[in-house]
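Student: Now for the letters of each chain:
Number of protein chains: 2
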Amino acid sequence: MTRESEYDVIVIGAGSTGENVADRVRRAGLTTVVVERALVGGECSYWACMPSKALLRPPAALHQASAVDGAREAISDGLSPRPALARRDEIVSHWHDDSQVTWVHDAGIDLVRGQGRLVGERLVEVTSPAGEIIVLTARHAVALCTGSRPLVPPPLAPAQPWGTHEATSAQQVPDSLIVVGGGVAGCELAWAWHCLGAQVTMVVRGPRLLAGYEPFAGDHLRQALHHAGIDIRTATSARQATRDPATGYVSLTCDSDQGQQVLTAAELLAATGRAPTTDDLGLDSIGLDPAALDVDDTCQVTGVDEGWLYAVGDVNGRAMLTHMGKYQARACGEAIAARAAGTEATIHAWSRCTATADHHAVPQVVFTEPEVAAVGRTEDAARAAGLRVRAVEYPLSSIAGAVLYARDYSGHAKIVVDDERQVLLGCTLVGSGAGELIHAATVAVVGEVPLERLWHAVPAYPTMSEIWLRLLETYGL
Amino acid sequence: MTRESEYDVIVIGAGSTGENVADRVRRAGLTTVVVERALVGGECSYWACMPSKALLRPPAALHQASAVDGAREAISDGLSPRPALARRDEIVSHWHDDSQVTWVHDAGIDLVRGQGRLVGERLVEVTSPAGEIIVLTARHAVALCTGSRPLVPPPLAPAQPWGTHEATSAQQVPDSLIVVGGGVAGCELAWAWHCLGAQVTMVVRGPRLLAGYEPFAGDHLRQALHHAGIDIRTATSARQATRDPATGYVSLTCDSDQGQQVLTAAELLAATGRAPTTDDLGLDSIGLDPAALDVDDTCQVTGVDEGWLYAVGDVNGRAMLTHMGKYQARACGEAIAARAAGTEATIHAWSRCTATADHHAVPQVVFTEPEVAAVGRTEDAARAAGLRVRAVEYPLSSIAGAVLYARDYSGHAKIVVDDERQVLLGCTLVGSGAGELIHAATVAVVGEVPLERLWHAVPAYPTMSEIWLRLLETYGL
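Protein chains in written order, with full-length UniProt numbering: chain A, 1 to 477; chain B, 1 to 477.
Please keep in mind that the hints were generated in silico from the structure rather than gathered at the bench. It is possible that part of the hints are untrue.
[To be verified] Cβ-Cβ distance ranges computed for the label pairs, FRET-style:
hint: 1; chain 1: A; residue 1: Thr302; chain 2: B; residue 2: Gly342; range: 58 to 66 Å
hint: 2; chain 1: A; residue 1: Trp103; chain 2: B; residue 2: His226; range: 31 to 39 Å
hint: 3; chain 1: B; residue 1: Glu393; chain 2: A; residue 2: His94; range: 30 to 38 Å
hint: 4; chain 1: A; residue 1: Ala157; chain 2: B; residue 2: Asp408; range: 54 to 62 Å
hint: 5; chain 1: A; residue 1: Gly120; chain 2: B; residue 2: Glu452; range: 53 to 61 Å
hint: 6; chain 1: B; residue 1: His226; chain 2: A; residue 2: Ala157; range: 20 to 28 Å
hint: 7; chain 1: B; residue 1: Ala107; chain 2: A; residue 2: Thr253; range: 57 to 65 Å
Quantities reported herein were computed from a predicted structural model and do not represent experimental measurements. Cβ coordinates follow ideal geometry from the N, Cα and C atoms, glycine included.
All chains should be built: construct the whole structure from the sequences, respecting the hints.
Tutor: So this is what it looks like as structure tokens:
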């Protein structure tokens, strides 16, 4: 059986990005449908941010209380894995998407379940789970919001390692876990499973954790994770993994300066990055190379006649983060609506139709303990871009708010300033509870608030936000 | 014996405000002396912010851990008062100012201990603790930084109630405590002593807690404190207090709509406001009324020939908060230095010499559980000032970051927007951990970041800072 339907906008992928595109165009009066082959709500809701943060919050809260005299004495035990995992299950609605489906319907958005593929200009074919073929036509736009998927290096595949899906949804705590990868997901999941009781070893190819961040961030985090009991092996490459069918244990062969070593654990997690989900989307049917999807700031795919195709969120590879996908989705939805209404003139940098912040202010929080939070350019990145910058640092641990927050608080902060324009370009913070401090930096970077004015933004005493005063003082204000 | 000395700048009062004035002028190359009759470091360090926040942090940390599944199960007891009080003692350096004195000396600032009084133009007389008289002459400026002192209503005086000094330094937990006053200090100290184990009753004259804040803030906090077991009596006036010499217990007679009632408790705290410490400063010797000290944005006292007198921090009554005192001090120090150098032209609104933010963006955090944090104008205050505003609210409890932070998270947020200029005028947040969220609002208000640009300041998912996205969406972006 074949059905056909025509909509103003077709959205492929009903994760948070797709939901936001659909919601924005719907609010602008356009008709829209989302196509989803798995759960409505997407990776973030079920197998990424939400479950991982649900697992990371209990150890953070317990750690923070344990660091305060008067509270510490009330704690007689370690983290309880069972209730922590149960809360995680609750946070992900036990991997059912009913409430998200209700939201979609209430928002006036149609939903078609199945794998969506482009089969021509403005034409999407959906294969439903029952094998039914539905052909959808878009009057104005098709938005690809299919996100990204974890990459598993082929040499690890024979061991059937956990990806982030399994590492965020596992129901049992393995007694030991090897984590391959020292990026955000690797650090967060290593920390989560360590806190839940696994003996964790991290195998990291590069010289430090959190490549791409200010170097001090990875170094600081490494020290904390090591101190907590995680075995961290940097400058070490995973070469080959196998799983013993009898014991179920994994053996991982690694190379480093010290030669070859074989690690054994109950479980192996490949946290080795993600790739945009562009395969099986029928991009070739319209002459596009799935490996080279290029978009402008409205997320319009370049090289498509009449510009009816958009790629939004992880799938375009600009900034693979839930909040940036949602941000792009809002901008893209506005752009689609503006073009449909013939008001393209409203589209310019920093307008509501463009994801301009992708180039300037992408915030990210690593929910370990301590947390790492960063936005904007690192010093190295700014210099590489040819900017005349000055960076200043200050120990977050010296701020009165931090001294009160925890005994032996450990943390650090750095800002990168455009010395010419006297505006903030970037900020990196490490410390317990630092995740909520970064938005002030995001506002300053995006707002291009001159430092001389920022000086008048007085932080309340004694909060940790007083780091702003100290950083600006150190800069010379 | 009489000594004499001449300095460029004389600072009376070595609290955080005085220290900052002295530090700023010293860095500008001027000679300076601070006069202190009590402890160097002032109220904030020993009898206000620091000890109160030291007492408030343990219950906050314990409360937060208790609200998280997986952490909760590890907690087998309530707060331990002894270590909490001991940590408080440590935070206030056991009421010794050695480290602050070292800082003063290292900063190149002279210190004279004793009560300083103006005795003429640019002339300060100090009576040392030993009764010695020291006469100091200022070449450029005298800065009064004497702070404020707690006001105890005369009808409460016979019971010898605690003021904030006693309530932040007590070594024993009274079994019961009546707190008169529902402002910031009243709420914080009621909460602290409740958590330490006292049975607390609050007597509040007005209809709600936290007068001057957005009404929802006081209502929300009241509900939380009531739910925790604090007996809160609003619209109730304290009439008369007495202390039974035999039992040591206090009786407080109160009036309300329900008639007269008598409350009894082991201790009584008068948290009924503070007054600038302008008496005993010799202001009359130069023809000034101590009750009507008026300053401009550089904190220069108006009506003084040649403008050599400054009043900075609590003593000028502009914004009686440690961080605003320090802010004024930095501005005032710069202004004194600019005038001494003959570069007055650098003094203008939002310059480094003016405390312009006093009029626009005074942040404050109430360190209860939940926390209350606010900056800028309330909706009522903005309307009263004749501004065309629109306010929007959003439940902080609905933010994914809050759902992850605690089970049954309770919180709320409101922003006030200048509808004409499309900039943020004020923000109020209530919720656990909300204190660190307010600085982003302070940056937005001070930076006058247009809402359309603020829209591009993407909060990291899933932090509580995502409240910004929801508030702006609700506003209509």
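Student: With reference to the structure, classify each hint as holding or not holding.
Tutor: Here is what the structure says about each hint:
Checked against the given bound of 58 to 66 Å, the beta carbons of Thr302/A and Gly342/B, roughly 59 Å apart, stay inside it. Between Trp103/A and His226/B the C-beta distance comes to about 34 Å, which sits within the given range of 31 to 39 Å. Against the hinted window of 30 to 38 Å, the Cβ-Cβ separation of Glu393/B and His94/A comes to about 32 Å, which satisfies the hint. Between Ala157/A and Asp408/B the C-beta distance comes to about 43 Å, which lies outside the given range of 54 to 62 Å.
For Gly120/A and Glu452/B, the Cβ-Cβ distance of about 38 Å falls outside the hinted range of 53 to 61 Å, so the restraint is violated. For the pair His226/B and Ala157/A, the supplied restraint of 20 to 28 Å is violated, since their beta-carbon distance comes to about 58 Å. The beta-carbon spacing between Ala107/B and Thr253/A, approximately 59 Å, falls within the hinted interval of 57 to 65 Å.
Checked against the numbered hints given earlier, this structure breaks hints 4, 5, 6; the rest are met.
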